[in-house]
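Asks: Letter by letter, the chains look like this.
2 protein chains.
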Amino acid sequence: MRRSDRLVALTNYFLENPREHVSLPYFSTLYNAAKSSISEDLDIIDRVFSDEGIGRLETVAGAAGGVKFIPDYTAEKSKQFITDLCDTLEDSERLLPGGYLYMSDLLGNPALVKEIGRIFASKFTESNIEAVVTVATKGIPLAYAVATFLNVPVVIVRRDPMVTEGSSVSINYVSGSSRKIQTMVLPKRSLREGANVCIIDDFMKAGGTINGIVSLLGEFNANVKGIAVLAEADDEEDERVVEDYLSLVKITHVDLKQKKIDVRPGNFQNK
Amino acid sequence: MRRSDRLVALTNYFLENPREHVSLPYFSTLYNAAKSSISEDLDIIDRVFSDEGIGRLETVAGAAGGVKFIPDYTAEKSKQFITDLCDTLEDSERLLPGGYLYMSDLLGNPALVKEIGRIFASKFTESNIEAVVTVATKGIPLAYAVATFLNVPVVIVRRDPMVTEGSSVSINYVSGSSRKIQTMVLPKRSLREGANVCIIDDFMKAGGTINGIVSLLGEFNANVKGIAVLAEADDEEDERVVEDYLSLVKITHVDLKQKKIDVRPGNFQNK
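Protein chains in written order, with my numbering: chain A, 68 to 338; chain B, 68 to 338.
For reference, chain A alone in the conformation it holds in the complex:
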């Protein structure tokens, strides 16, 4: 295969297989090229990936040496994305009875969801995450987007056990906003003991749900390495029960009468 062709094929390979360790001889055989040629290809790809803010190729030296694509997202691009998201969310048409915001169109847009996944994943690059945990149902697409870039499985916490998941561990927790006692379940098979995990969700108010997930993960002795939500709401009535988290945007004020929504960047940029 010629260099030009190899560059296309290799770029596709890396983008489709983030964080997968591949040896140079594997590519040599696959594309029928000398190891030195492949090395030069990888230099070109690494340079363009860095220049374009796509990520980088991490080389592993030694006998078991090889290369791994680590996706990235530049701080500049995140900032622009967050600014645009704030503008989109401030549209008064999004207001629903009770002061809720309609966000399903955003969460239903796969390209946007993927972008959010890339942004969150870029913060967890060094955290050695082994699984992404979320709670059904709105956080699911975001969790998959993050997990794709981290190349790890998704684990879904549910409100009630499903017959198709086998034996489960369940806990009761107090919902932050409604102060009701609720249940959360995680199938035993879904997570190994002591795994490093991050928690992803679409929305956080007082944080009762996320706190519940943390307790449930405690039953699996999991290490919660990070918590990230798309949007957080300023909750004047309830004290926040989760402290260390990332948010892309913060809904600071909703005025139903004036039909005005204030959305500001969350704490993501400062972390």
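Among the hints, erroneous ones may be present.
Ranges between beta-carbon positions, derived for each pair [unchecked claim]:
(1) A101(A) / S159(B): 38 to 48 Å
(2) N334(B) / T150(A): 41 to 51 Å
(3) T155(A) / S282(B): 24 to 34 Å
(4) V127(A) / N288(B): 47 to 57 Å
(5) E83(B) / V127(A): 22 to 32 Å
(6) S106(A) / M68(B): 14 to 24 Å
(7) E87(A) / E193(B): 25 to 35 Å
(8) K146(A) / M68(B): 18 to 28 Å
(9) S159(B) / R331(A): 50 to 60 Å
(10) R123(A) / A131(B): 28 to 38 Å
(11) S282(B) / R256(A): 30 to 40 Å
(12) H88(B) / R123(A): 22 to 32 Å
Now the stretches of chain B that chain A is said to cover, found in silico as 3 or more residues with beta-carbon under 8 Å [claimed, not checked]:
(13) 72–79
(14) 172–179
(15) 228–237
Quick caveat, the hints were computed from the structure, so don't treat them as lab data. Backbone N, C-alpha and C fix where the C-beta goes; we use that ideal spot for every residue, glycine too.
Using the hints, position chain B against chain A.
Replies: Then chain B, alone, in the frame of chain A:
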């Protein structure tokens, strides 16, 4: 930018933006290259994409001309994927009480889910799909995977309305297996009248749930262009209520006593 660098950047662009129409002048400006050079780049990329079974670049002639990446999946690769999936599912460790199969590990694997999305999307390439519809919760990741390749939004039908989604249309339907009357809801805002849609789900037994989705979509005058499920089960007791669908695998027999599961390729390969 040099050709080698452009090939990497362009490949990334197409893979990240499937089915998006881009004009040649856009790339000319972005990479500071003559239109003729970009044209040659596109020829190389198109050839490698075809050879590797990644897809193809569709050129649109004329003043509003440009190019569009159409992802594909070869029949040969689908066949291999389905064979491997059958083997994986026949593992007796997957047996749960009641004859259910544990599949959450597969549905929790983002790379596998993406592959399934690519396979289904390749069948709907010419169907002019405008939205992918699924029902909460297990079908959600598959629906996003398909939607990513088709570059269209995902619409999620729920069992109960959520306060964060505004006014909804609901229907009652009879579940095929339990013969219970159940409810399904779709927010009014989530789908425009008369849209072309496909329905994606993880599992189908008699097909009552999918039939329910079809009825609900009727309230939106949607055109159901296709139905695809990961796995179908042979249901001896109930007649199938959905006729025209695609399935990757078919669970033909589950023997709880002998701990034996028979899984065969679904109808996908013959359609």
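Asks: For each hint given before, does the structure comply? Return the numbers of the non-compliant ones in rising order.
Replies: Violated hints: none; all satisfied.
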